[in-house]
Structures are given as structure tokens and as C-alpha cells.
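Single-letter residue listing:
Protein chains: 2
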Amino acid sequence: MEKTLDFWFEYASPYSYPAAMRVEQLAEQAGVNVRWRVFLLGAVFQQYGWKTTPNELFPAKGNYMWHDMQRICASLNLPYQRPSTFPRNGMLAARISANYAESEWIGDFIRAVYTANFAHDQDIGNSELIANILDKLGQDSAQIIAEANSDEGKQKLKQQTQQALQQDVFGAPFMMVGNEPFWGNDRLEQAIYFAAHGKLPASVILA
Amino acid sequence: MEKTLDFWFEYASPYSYPAAMRVEQLAEQAGVNVRWRVFLLGAVFQQYGWKTTPNELFPAKGNYMWHDMQRICASLNLPYQRPSTFPRNGMLAARISANYAESEWIGDFIRAVYTANFAHDQDIGNSELIANILDKLGQDSAQIIAEANSDEGKQKLKQQTQQALQQDVFGAPFMMVGNEPFWGNDRLEQAIYFAAHGKLPASVILA
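Which chain is which? The protein sequence lines are V and W, in order. Numbering (this note's numbering) for the first sequence: 6 to 212. Numbering (this note's numbering) for the second sequence: 6 to 212.
Don't take every hint at face value.
[Unchecked claim] Here are the simulated EDC-like cross-link-like pairs (lysine to aspartate or glutamate), alpha carbons at most 20 Å apart as the crow flies: (1) V/Lys161 to V/Glu107; (2) W/Lys204 to V/Asp73; (3) W/Lys161 to W/Glu107; (4) V/Lys8 to V/Glu185; (5) W/Lys8 to W/Glu152; (6) V/Lys159 to V/Glu133; (7) V/Lys8 to V/Glu107; (8) W/Lys141 to W/Asp126; (9) V/Lys66 to W/Glu185; (10) V/Lys66 to W/Asp173; (11) W/Lys141 to W/Glu152; (12) W/Lys204 to W/Glu33; (13) V/Lys163 to V/Asp173; (14) W/Lys66 to V/Asp173; (15) W/Lys66 to V/Glu185; (16) V/Lys204 to W/Asp73; (17) V/Lys204 to V/Asp73; (18) W/Lys8 to W/Glu33.
Keep in mind the hints are simulated off the structure, nothing from the lab.
My request is simple: use the sequences and hints to build the entire structure.
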């Protein structure tokens, strides 16, 4: 049986950044295949009756998160700059990610969008920025953006978000290995270990 | 300078169980001193306008947490049984923990209370159960319970809970190393590493 990990992510989610940057490399080392599964976390928050992100609703938690992002990225040698606008509009990037999830360039695209937002403080809601990323990857940006913004392209992201809700994906990043759920960047290594070995690790060694 | 970690915990918090059971042993191996810091998480939830635990407010998250508790405890070889009543009333245990935080038996007391609730499905709100735990530890249970329930004893827990809020301790377990905050059982090893080395680990090895 092929070892597969579904990586559920949302572009506005800060903790999805360090996880998205690392998941393919860590999974490859463990012989695990990654499926990129974008969704809209706002659909989950709506179920809770939240009209904004929990980082605004719960200030102590939000402050902790931004501090944590900085130290996590530093410890991983990931470039990081706190976005001057938060959350940014990741709708176009999400539509593209849902419609081209099987394309060989999708991992590079996703990492480039996260890097623009969380390392370079750029507006990923700007379609020109998204087009530039696609062009640099040698893709036909005009066609891809038109397809992503078509009725069918929009529908694809909506369906995938519904699937996330049905699978109780309540946060991001969220890893599913078969029916086994793992929530958060903190659990990325563990989820990959589980995909590779079919069980949780017994010990954690930090170095 | 002595290396010290403040371990903030709440008796009703499931994830505090695996963390409380492990923190002293892991800290000792790393040459770090643990200060037991109990508080009432309800005071945080009141700030959010929540009248019950987030596990009831957000069912998908609650279901994940109980599943996660089971697999985490199994992987750590910790006995675990999902409490048939949740949350249980940990007020007396918390008052004792606040008032006797410096006593040499306090770690054993705290672990015994957590084990009663999360391994043996016992009612930790029952003062006889608490008295039995103290008696087994060779302590004068009648005197300790009377002091914990005195006006002064109650006040001590209230003050410590206020201190938690002032330090933005918004969940449990919560580790503070100086001003550096770490939230959750997932971050226990990292917090101890930080207390020992003054920096975060660069890599995580699971085995």
C-alpha cells in the first residue's frame, strides 16, 4: 500500500507556513507521498460563530502565536517577517491550489505563495503577484488564473472545503493519514512518522 | 543561574495529564528545576465569554482531543481511561496544590490526582479520595484540607489564577521559562530544552 499523507492547509494560517515549507522534504525522506489539500478555514470559523480569526478574538493566544512563529521559523532557518496585513486574501491562490493539486509544479507554487506572505510581506491577494509566481514556474498564468476563477474552478474549492468539514478538519495545518488526524505544525513530524510506520513514535529527541 | 521552568496546570485539562506525569522526570534529566503552578482555566474561559470547556463548544476539536489523548497516552505507556464525567471538580486539589506548592510531596500528590481522574476514572471532586491520596503520602490530610479550604487557602489559589491571567497563560498545560511561553503537552520537551540550553532545538528526531 502506498504511504500517503493528506496535507490540509489554508493560506491565511500562519502555522501552515512552516509546515507547508517542510512537508514534502520530510515526507520524501520517510518514503511518504504528500497530497496537497487546500481549504477555506473561514468555513470552520463560521460554524463556531466567529467573524474573524481566533488570533483577534483571543488576544493572548494571538500574541503567543506571533511570538511562536518568529522563534519557530528562526529555529528552522526559515525566513520570516510578520505580515503587516493579516489575514490576507488567499482566495485566488487557494482556487489554483485546488484545481491544480495534481500538477507537478504545485508544491513549488504553494511554497512561493507562503514565502511571499510570511517572508516577504507581500500581498498574495494581488493577482499580478500570483501571475508572476506562475510565470516563474514556466506556467501559463493567464490560462491558469482564468480557469481557477471560472464557475467550475470556484466550485472545486468549495467542494474541497466541504470535504474538509465532513472530515472534521477544524484547523490548519491538518494532516490526515487514512482516518488518523493530526492538527498543527507541532504534529507534522509525528504525522509523517505515523504514515511511514503505522504507529506513533515512543520518544522525541530534540537536538 | 538556576534553570527553572514554571509548569502551569489545571486539573480539568486532559492534556495536562500526560505533561504533569512527565515534567519532573524530563526536567531532572535536563538539569532543570520545576515549579508547580496550578490555576483555574475557567477564569480564562470566562474572559472569552465561554461558559463551558472548548471541547464542548467545538465538537470536532473535542472529538480530536479525546482520540489524541488515547493515542498519546498509549505511545507514552501511560495508563489512560476517558473520564466518564468531564470536566470534574478539581477545586480542592487545586487549593492544596497552590498552598503546598513548595512541599516535597507535591509532585507525587499532583500525579496521584491526575492518575485518579484520567487513568482510574475516579471523582477527584470527592474530598475522601483527596484525603486518601494525602494519607498514602504520609501527610496529615485533615489539617491540609482544612488549611486549603480556609479563607487564606482559597485566596492563595485566586491570587495564583490572577497571576496566570497577568502572564497571558491562556491554556493548559503552559510552561514559562523566564518570559518565554510554551503552550501544550506537545511543547513540553521543547520548553525543557529551552530551559536547559537557552534556545530552541534545531531538529526533532522521533523514534
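Status of the hints after comparison with the structure:
no. : hint                 : verdict
1   : V/Lys161 to V/Glu107 : holds (13 Å)
2   : W/Lys204 to V/Asp73  : holds (13 Å)
3   : W/Lys161 to W/Glu107 : holds (13 Å)
4   : V/Lys8 to V/Glu185   : holds (13 Å)
5   : W/Lys8 to W/Glu152   : violated (31 Å)
6   : V/Lys159 to V/Glu133 : holds (19 Å)
7   : V/Lys8 to V/Glu107   : holds (17 Å)
8   : W/Lys141 to W/Asp126 : holds (19 Å)
9   : V/Lys66 to W/Glu185  : holds (14 Å)
10  : V/Lys66 to W/Asp173  : holds (8 Å)
11  : W/Lys141 to W/Glu152 : holds (19 Å)
12  : W/Lys204 to W/Glu33  : holds (18 Å)
13  : V/Lys163 to V/Asp173 : holds (15 Å)
14  : W/Lys66 to V/Asp173  : holds (8 Å)
15  : W/Lys66 to V/Glu185  : holds (14 Å)
16  : V/Lys204 to W/Asp73  : holds (13 Å)
17  : V/Lys204 to V/Asp73  : violated (28 Å)
18  : W/Lys8 to W/Glu33    : holds (11 Å)
The structure is inconsistent with the numbered hints 5, 17, although it conforms to all the rest.
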